[in-house]
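A.B. asks: These are the residues of each chain, in order.
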Amino acid sequence: MLLLRLTILLFLLAVIPVDAQTGVLEVNGRIKVDGKQERLKRKRFYLFRGGLAANKALIDRMRAAEFVSRDCFYCRMNASPEFRAWLKAEDCESPFCREITAEDAAKVPEFKAALAKGQRQFAKKPTLATGWLTTNLAPELRDGFYLQRKKAIDGLLAGVKPLQTGMTDSVSIKAIFIDIPVAPPAGKTSETFLVSNLAPFEIGSKSYVWACEVEISADKRAVRSLPVPEPGKRADKCEVFVRDIPACDGQGCTVK
Amino acid sequence: MRIRTAIVITVFIAAAIAANFLPRSAAQQRDRFSHASAAHKKLDCSSCHKVPTSNWLPARGFPDVAQFPGHVACASCHRQDFFVGNKPAFCAGCHTNATPRSAPLFPFPVRSRSHEFAIVFPHSVHQDIIAGEQRRRGDVAVAHFVNASFRTLPDDEPKFNNCAICHATATALPKFAARPPVGQTPVGEAAGDNFAPTARFFKTMPSGHATCFECHYQGLEPVATNCAGCHRLTPPYFESGVVKRYSLKFDHSAVNDKGDLVHTRDCMTCHVRISGNGDLKTLKDADVPIMACMSCHNHAADLKTELDKRAEAPKAFQCNYCHTAAVGGFPVPPSHEKQ
Numbered sequence: 019m020l021l022l023r024l025t026i027l028l029f030l031l032a033v034i035p036v037d038a039q040t041g042v043l044e045v046n047g048r049i050k051v052d053g054k055q056e057r058l059k060r061k062r063f064y065l066f067r068g069g070l071a072a073n074k075a076l077i078d079r080m081r082a083a084e085f086v087s088r089d090c091f092y093c094r095m096n097a098s099p100e101f102r103a104w105l106k107a108e109d110c111e112s113p114f115c116r117e118i119t120a121e122d123a124a125k126v127p128e129f130k131a132a133l134a135k136g137q138r139q140f141a142k143k144p145t146l147a148t149g150w151l152t153t154n155l156a157p158e159l160r161d162g163f164y165l166q167r168k169k170a171i172d173g174l175l176a177g178v179k180p181l182q183t184g185m186t187d188s189v190s191i192k193a194i195f196i197d198i199p200v201a202p203p204a205g206k207t208s209e210t211f212l213v214s215n216l217a218p219f220e221i222g223s224k225s226y227v228w229a230c231e232v233e234i235s236a237d238k239r240a241v242r243s244l245p246v247p248e249p250g251k252r253a254d255k256c257e258v259f260v261r262d263i264p265a266c267d268g269q270g271c272t273v274k
Numbered sequence: 013m014r015i016r017t018a019i020v021i022t023v024f025i026a027a028a029i030a031a032n033f034l035p036r037s038a039a040q041q042r043d044r045f046s047h048a049s050a051a052h053k054k055l056d057c058s059s060c061h062k063v064p065t066s067n068w069l070p071a072r073g074f075p076d077v078a079q080f081p082g083h084v085a086c087a088s089c090h091r092q093d094f095f096v097g098n099k100p101a102f103c104a105g106c107h108t109n110a111t112p113r114s115a116p117l118f119p120f121p122v123r124s125r126s127h128e129f130a131i132v133f134p135h136s137v138h139q140d141i142i143a144g145e146q147r148r149r150g151d152v153a154v155a156h157f158v159n160a161s162f163r164t165l166p167d168d169e170p171k172f173n174n175c176a177i178c179h180a181t182a183t184a185l186p187k188f189a190a191r192p193p194v195g196q197t198p199v200g201e202a203a204g205d206n207f208a209p210t211a212r213f214f215k216t217m218p219s220g221h222a223t224c225f226e227c228h229y230q231g232l233e234p235v236a237t238n239c240a241g242c243h244r245l246t247p248p249y250f251e252s253g254v255v256k257r258y259s260l261k262f263d264h265s266a267v268n269d270k271g272d273l274v275h276t277r278d279c280m281t282c283h284v285r286i287s288g289n290g291d292l293k294t295l296k297d298a299d300v301p302i303m304a305c306m307s308c309h310n311h312a313a314d315l316k317t318e319l320d321k322r323a324e325a326p327k328a329f330q331c332n333y334c335h336t337a338a339v340g341g342f343p344v345p346p347s348h349e350k351q
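Same order as they appear, the protein sequences are chains A and B.
When you read off a place in the first sequence, starting at 1, and then add 18, the result is the number in our numbering.
When you read off a place in the second sequence, starting at 1, and then add 12, the result is the number in our numbering.
With the rest of the complex left out, here is chain A (with noise of 0.2 Å):
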């Protein structure tokens, strides 16, 4: 009898949806640079159970990482600078990120070099040349950023899944995290999650990485903010790993 009671006991536990609780996070992407805000649009960031000592191994990582800046990987992959002030200028990181007019392909030595080899290519269609340019480009110059920059978060993140990652927008400029499982410790109604970048973020001429703590519970959204840190100071809950960005001077890629 009591086999049995046990085992419908089993049954319903394996059936009856647990009520999970959940929560939502919304990482505020406006942040102040020397008194000057700043809007982090359309950037990733991650989100990881447990806080600043649970990812220690994390952020040891993070802060021994070297990623290559956007200017100097194309810097050395020799990559014009016509080609560099078109990314630039609308804070691209790849030739995808927005429409190559005609104008463009006659400026940038490198869309035009693509452009001449799709006519050829696709003679029988010469719009197709303008219309596929990015085919035509070198691969470096291509997804090469991308795929550095995607084995290099693949390298700090060694195995750890993120529990799950949002991007900010562009217009209320915040990465909005729902449907994240909450189960706070006895005694608690939150519990603590970690939210990073991982990859930084190019402001002006420095880089900077956050990884901050964010008390998340069913009940009530979550707003995260990301403090910029006066130098030498802490941000509270917070690591920032502010760098300089090196800079393509024609010699090659340097501190300034």
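Read the hints as simulated data drawn from the structure, not as lab findings.
Hints may contain errors.
Cβ-Cβ distance ranges computed for the label pairs, FRET-style [claimed, not checked]:
1. 104(B) <-> 100(A): 35 to 43 Å
2. 96(A) <-> 349(B): 37 to 45 Å
3. 48(A) <-> 291(B): 48 to 56 Å
Away from chain A, derived, C-beta distances all over 10 Å, residues of chain B [stated by the list, open to error]:
4. 14
5. 50
6. 136
7. 202
8. 227
9. 309
Nothing here was measured: the structure is a model prediction, and the numbers come from that model.
Cβ atoms here follow ideal geometry from the backbone N, Cα and C, with glycine treated the same way.
Using the hints provided, position chain B relative to the given structure of chain A.
C.D. replies: Chain B alone, transformed into the frame defined by chain A:
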């Protein structure tokens, strides 16, 4: 006894002769090709499909797979199937009427047949690599960051995050349907509803290779010859082409009294699940949660009003601000109560 033996022998001989006329291989037992057969699954796509096919220019206008593979692709394994009977069933996989003199082909692909492949499109990866903001006339984001009174730019609609590369405002009304919650029953009987959306309520979705090949034709993986990069074998299914919505009344192109567009925020402001999603088939709920709507629609006549009315008369009142009758009568989900 002799008669019985003679009958058995006759039946046996007749069966043996009849068996000779039966289709010789599985390929003769159906009138269509299956990618899912054990033998076909072992083959690389490129061993049959050529990219592009010779007819690409008139058929598509861009280098595409616009034709069935040639006889050579089939002949190495199915040579004997070409010569079974006057009209081999095998040929009906590609030909509308296979005769030695003429063998017209079905249009490729054959739309009336079930699909064998599902498409995997990681929005997350594309958001990382193509996400951009088209700036125009100053800072678009400032112009669109609006709360109570809506303002829009005088030029065309915003194309935030390059989503518009693939999703444009529809010009033709797609087939549409309400998407009622699964596993629930309406609280009351559904009231009549003659709501009719227009084409501009909807956004288009790419179909075919035209959009993908713009970037992926060559060089950028998965390239045109890497079929498996996007296509995954799946149990056969028919594409209904029906756009299903929880909130059928949401109009992407809604305008205010002044004729200005009102839903002009970045696509990702509402489609919050998209930037983290690697395969749409894994999305369990709507990619626009109610909280995205609530950032603006928190005034009278919106959610709160409807929730109050619903609480007063659960069976009589159906939510109708966003939902049609097919959805408005279902129990209020916890996500709505939480707002």
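A.B. asks: Confirm or reject each hint.
C.D. replies: Structure-based check of each hint:
Checking the proposed 35 to 43 Å range against residue 104(B) and residue 100(A) shows it is violated: the Cβ atoms sit about 57 Å from each other. Look at residue 96(A) against residue 349(B): about 59 Å separates their beta carbons, and that is not inside 37 to 45 Å. Between residue 48(A) and residue 291(B) the Cβ separation comes to about 32 Å, which falls outside the hinted range of 48 to 56 Å. With 10 Å as the threshold on Cβ separation, the claim that residue 14(B) sits away from chain A holds: the shortest Cβ distance comes to roughly 66 Å.
With a closest Cβ-Cβ approach of about 34 Å to chain A, residue 50(B) is found to remain outside the 10 Å limit, as its non-interface label requires. Not every CB of chain A is more than 10 Å from the CB of residue 136(B) (nearest about 7 Å), against its label as outside the interface. Every Cβ of chain A is farther than 10 Å from the Cβ of residue 202(B); the closest lies at roughly 27 Å, confirming the non-interface assignment. Here residue 227(B) does not stay apart from chain A, with its beta-carbon only about 6 Å from theirs, under the 10 Å limit.
Against chain A, the non-interface label of residue 309(B) holds: every CB pair exceeds 10 Å, the least being about 15 Å.
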